[in-house]
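**Q** One letter stands for each residue in the lines below.
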Amino acid sequence: MIERTPIFNAVTYAIMLGGLLVVLLPVWMAFTAATQTVEAVNRIPFSFALGDELLTNLGAAWQRGDFGTKLANSFILATGVTLGKVMIAALSAFSIVYFNYRLRTIFFWVIFVTLMLPLEVRIVPTYAIAANALAPLQAILDVTGISALIAVLSGVQVSLQWNLLNSYVGLILPLVATATGTFLYRQFFMTVPDELAEAAKMDGAGAFRFFVEILMPLSRTNMLALATIMFVYAWNQYLWPLLVTTDRGTYGTAIIALKQMVPNPYGGLPDWNVAMAAALIVMLPPVVVVALMQRWFVRGLIATEK
Amino acid sequence: MSSISIRNVRKAYGKREVVHGVDLEFADGAFVVILGPSGCGKSTLLRMIAGLEEITAGEIRIGDKVVNRLEPRERGCAMVFQNYALYPHMSVAGNIGYALRVAGVPKAERERRVAEVARVVGLENYLSRRPGELSGGQRQRVAMGRAIVREPKVFLFDEPLSNLDAKLRVQMRAEIRRLHKRLAATSVFVTHDQVEAMTLADTLVVMNGGRVEQVGAPAEVYHRPRTRFVGAFIGAPAMNFIDGTMAADSFTFDGRRVAVEWPFARAHAGRPVALGVRPEQVELVAADSPGALPATVDFVEELGAGRVVYTDIDGLPFAVTLSEETDLAPGERVGLKLLPQSLHFFDGETGLRLGLAESVETSRAAVAAA
Chain A
1 MIERTPIFNA
11 VTYAIMLGGL
21 LVVLLPVWMA
31 FTAATQTVEA
41 VNRIPFSFAL
51 GDELLTNLGA
61 AWQRGDFGTK
71 LANSFILATG
81 VTLGKVMIAA
91 LSAFSIVYFN
101 YRLRTIFFWV
111 IFVTLMLPLE
121 VRIVPTYAIA
131 ANALAPLQAI
141 LDVTGISALI
151 AVLSGVQVSL
161 QWNLLNSYVG
171 LILPLVATAT
181 GTFLYRQFFM
191 TVPDELAEAA
201 KMDGAGAFRF
211 FVEILMPLSR
221 TNMLALATIM
231 FVYAWNQYLW
241 PLLVTTDRGT
251 YGTAIIALKQ
261 MVPNPYGGLP
271 DWNVAMAAAL
281 IVMLPPVVVV
291 ALMQRWFVRG
301 LIATEK
Chain B
1 MSSISIRNVR
11 KAYGKREVVH
21 GVDLEFADGA
31 FVVILGPSGC
41 GKSTLLRMIA
51 GLEEITAGEI
61 RIGDKVVNRL
71 EPRERGCAMV
81 FQNYALYPHM
91 SVAGNIGYAL
101 RVAGVPKAER
111 ERRVAEVARV
121 VGLENYLSRR
131 PGELSGGQRQ
141 RVAMGRAIVR
151 EPKVFLFDEP
161 LSNLDAKLRV
171 QMRAEIRRLH
181 KRLAATSVFV
191 THDQVEAMTL
201 ADTLVVMNGG
211 RVEQVGAPAE
221 VYHRPRTRFV
231 GAFIGAPAMN
241 FIDGTMAADS
251 FTFDGRRVAV
261 EWPFARAHAG
271 RPVALGVRPE
281 QVELVAADSP
291 GALPATVDFV
301 EELGAGRVVY
311 TDIDGLPFAV
321 TLSEETDLAP
331 GERVGLKLLP
341 QSLHFFDGET
351 GLRLGLAESV
361 ETSRAAVAAA
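Chains A and B are the protein sequences, given in the same order.
Sequence positions in the first sequence follow UniProt numbering and run 1 to 306.
Sequence positions in the second sequence follow UniProt numbering and run 1 to 370.
No lab work stands behind these hints, which were simulated from the structure alone.
A few of these clues could be false.
Here's a subset of chain A near chain B, in silico, CB distances under 7 Å, partners left out [stated by the list, open to error]:
(1) 198
(2) 203
(3) 214
(4) 217
(5) 218
Under the rule of at most 25 Å between Cα atoms (straight-line distance), these lysine to any residue pairs were calculated in the SDA-like manner [to be verified]:
(6) B:15 with A:97
(7) A:259 with A:238
(8) A:259 with A:58
(9) B:337 with B:223
(10) A:259 with B:73
(11) A:201 with B:130
(12) A:201 with B:254
(13) A:201 with B:281
(14) B:65 with B:108
(15) A:201 with B:113
(16) A:201 with B:223
(17) A:201 with B:179
(18) A:259 with B:55
(19) A:201 with B:57
(20) B:15 with A:99
(21) B:107 with A:212
(22) B:167 with B:132
(23) A:201 with B:43
(24) A:201 with B:68
(25) B:337 with B:211
Glycine residues also receive a C-beta, built at the ideal position from the N, C-alpha and C atoms.
Build out the structure end to end from the sequences listed, making use of the hints.
**A** This is the structure in structure tokens:
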């Protein structure tokens, strides 16, 4: 459909430009602040003039935030979460779409419900499990009386322990389960014609082979789109890493380090210039990922390439 | 040995039964076409042979092996799907060779066989293309190549030509026929297109509502439809039907009388009967000719080689095909002369062809009349 609506177009552009401004202004402000000296940055009103202290500030921020370790940690966390999510989401969607078993609808709804229970809501139980990942199993053994039975029979007191606090596994696992990804894949799998699965069956390919050799290559764009979203999501996690890591020197993430660099109101002259330089550093990796992936990202979300 | 034997096979989805006890025997190397309207269960039957649908009851044998519980890959069938179902991310060679790759055939042999099959289906210059870069006919050939490469005992075709344009369809039809001659594998071809069915089949199976209506050679099915449904379904334009009553030497309807030379007329006298007449077995004569049914011309369809005159006998539609030119205009009165030896009679209640058991005499009577 071709429409000629110059006024409508102008309004659309105006709104888009407004949105762009809203997004870019804080970034620009952070950037100018990061170039200024601590005196300049505290002058009121704030001056958008560029200073020449950018490298000094970045250096100071890098030192103080220990970003060498922290960025590496964040990177491990984000990559782990992304890979885990992409794989688990693909497998769970595969199960829901292609297999007909009695509990399918129930599993589907269970996954669906987790959409309404983000990590922040279930943070206390999640923490309890991270403190001892085998606690649920222990509880089952206790309730069913199996652990009592073992104690009577062998004299061994069953006490399962698997502490995930202060570990990469503990950082990553609770963030991996994802309903969003499962849904994205599900929508895509449902657009794949049934005959394709049947043709593979006739060709002798089993379910797993079909999944790996046919479905996965076909959902490449979806996978990249999901990976992009999830990388940014995981990179920006704050609450969970804060809780699960007490040994921040070793396992702290860049976001935690950044938060610690925000000047507190009771100290001396607040060095916003260094904090903003740190913000720039922390912002960079997701920006790079999105920039590299955006071509796939858009295609994966809108198109069904077949 | 790869005959197919289907014994009392049923298919139900939950409580709804869609195939009600089908019994069929296909000889080794036969080309069988299953014809029927949409929803008649023909595709379901094919998919049960392939192993893509579970068989609710009954038994299917391929060769002398019962395949009910076998996985599709163990049945030795290859299938060509209506929408081709090619793997979009694989090249033509990859598509054709996928079954071999899954079966673990070494690469060198795989390439040799793929090249050979590509030559058979005329795709040797397209091996590195993706399905998305091919035309409909070429995709169809890839789908056939993919089926051929496994050297199956049985070929299954699920309406494979219905996505092609008319010209290509004729061409592919000839190719399928040629291929079948060359490979001599038992083939089962499902379609709702009667021209496809008539031209391809050695054995034609007509299905309706989950039941087999008739099995036979195409000409036999055309000339001696076993039920009213088959008569109506095969032939274009469709067979004309007149519901009336049988008398000793005539057929009457609506106060009109058609003289009949039919040896069994007496046996069925007084019974409700449907008279079936193929449009090409009617002569158009002057409205006042003796023995002709008077009718009014509704409109004339020009087909080039022939034309169809749609008439009506006091509200009862009746089509006639003519091979010669005509200048009939709508509203004109004409007479329909039914050729007595080419009338079909069906039971007014069950729709079954009358006189089936007495086939020899019927044909003798027809010869005598001619």
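**Q** Evaluate each hint against the coordinates.
**A** Going through the hints against the structure:
no. : hint             : verdict
1   : 198              : holds, 5 Å
2   : 203              : holds, 4 Å
3   : 214              : holds, 6 Å
4   : 217              : holds, 4 Å
5   : 218              : holds, 6 Å
6   : B:15 with A:97   : holds, 24 Å
7   : A:259 with A:238 : holds, 9 Å
8   : A:259 with A:58  : holds, 16 Å
9   : B:337 with B:223 : holds, 19 Å
10  : A:259 with B:73  : violated, 59 Å
11  : A:201 with B:130 : holds, 21 Å
12  : A:201 with B:254 : violated, 58 Å
13  : A:201 with B:281 : violated, 49 Å
14  : B:65 with B:108  : violated, 32 Å
15  : A:201 with B:113 : holds, 21 Å
16  : A:201 with B:223 : violated, 40 Å
17  : A:201 with B:179 : holds, 24 Å
18  : A:259 with B:55  : violated, 64 Å
19  : A:201 with B:57  : holds, 22 Å
20  : B:15 with A:99   : holds, 21 Å
21  : B:107 with A:212 : holds, 20 Å
22  : B:167 with B:132 : holds, 21 Å
23  : A:201 with B:43  : holds, 17 Å
24  : A:201 with B:68  : holds, 16 Å
25  : B:337 with B:211 : violated, 35 Å
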